[in-house]
Amino acid sequence: MISDKTNIEKPKYINPYLGGVLLGLLILATIYITGRGLGASGAIKSAVVTTSNTVAPKATEANHYMGQFLSDDHSPMYTWLVFESLGVLIGGLLSGIIFGRVKKWRTDHGPRITIKKRLILAVIGGALFGLGSQFGRGCTSGAALSGTATFALGGVIVMFAIFGTGYAVAYFFRKFWI
Amino acid sequence: MGPLIPNGVIGGGWDFVIAILLGVAFGFILEASGFSSSRNLAGVFYGYNFVVLRVFFTALIVAMVGLLYFDYVGWLNLSQIFILPTFLTPMIVGGIIMGVGFVIGGFCPGTSFTGIAIGKLDALFFTIGLYLGIFGFSLAYPLFENFFTSGDLGNVTLMEITGIPAPYFAVAFTVVALAAFWGTMFIEKRVRKNMKQYKF
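Each protein sequence line maps, in turn, to chains A and B. Under the UniProt record's numbering, the first residue of the first sequence carries the number 1, and numbering increases by one thereafter. Under the UniProt record's numbering, the first residue of the second sequence carries the number 1, and numbering increases by one thereafter.
In case anyone wonders, no lab produced these hints; they're calculated from the structure. Not one of these hints is a red herring.
Here are the computed lysine-lysine pairs in the PhoX-like style, where the Cα-Cα straight-line distance is at most 20 Å:
| hint | chain 1 | residue 1 | chain 2 | residue 2 |
| --- | --- | --- | --- | --- |
| 1 | A | K175 | B | K193 |
| 2 | A | K12 | A | K104 |
| 3 | A | K103 | A | K12 |
| 4 | A | K117 | A | K175 |
| 5 | A | K12 | B | K189 |
| 6 | A | K116 | A | K175 |
Using the sequences and the accompanying hints, generate a full structural model.
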């Protein structure tokens, strides 16, 4: 297990406050240019609607939720958030290359669980996050961060609900991480 | 003047080019800050790594104060920017589900993309989970369609709901953030000292 190697010295991450200032300026620039903030879960939603529409177009159109994201002129993949998320992948890769973190597939996990268990938990956690992001009208970036930055009540609610719940339940899942 | 695209200062044809460029910057900042590792992200809930809190709150303050400044000097018309609509109970429930998903999964959607970019298998599996979760939601939507649209307060801001001017909120968030930066510094030191090993 390669990932079990203990890393005592500090990894090459940028100062978190510098990262925060840059991210804040980026949100500001994004709102200044586009009139809205950054997001992430919307791109996955587009992917869901697109595959569903390819496999079963009639059922997708009849679905009250997915149907509203279909358009006659273009694919559901032709949306701002899909292109932005493509950029996120490129940007993440660029940073990874610069700081020497791009390696073949490996898994981060707590010291007390196996890789297999970690991957199962990642799917479960992702599924919950995907489900919750629909009720929350966005995820950590779209609703909590961009929403709160624009003083939206909903953004603040989602932010406190996510992190409040995280702290409330962390104890029960401690074996996954510490 | 701003927002530039909605006001036609930049043509609509540039929309997707700008989307990719802003996304690249977003992904770069997230990865460079350490958000591509689920161990780093989960640390915020266990006290051994508060990088999430530091980046998140700093970004929030900079963006909030920046928006107020842009509005003050007339570069940006705040009444033209998108305000997330508030659906009270669905958003609380959604946030709770996301909170549990965060602790179990160790990622959120944007950070999992950066994890995939540098080869983290758990990030890829988290994203597969995201897909399944949203697909499941869509299929089951008729069951909770009424709940989903309940508690609709519209595109309401903190200022509108409380009557308190925006600068007060910016100051309040800043004070809370600074206190959190200071306090968590001690928690982190203490927790790390008691951990046998700290793996990134």
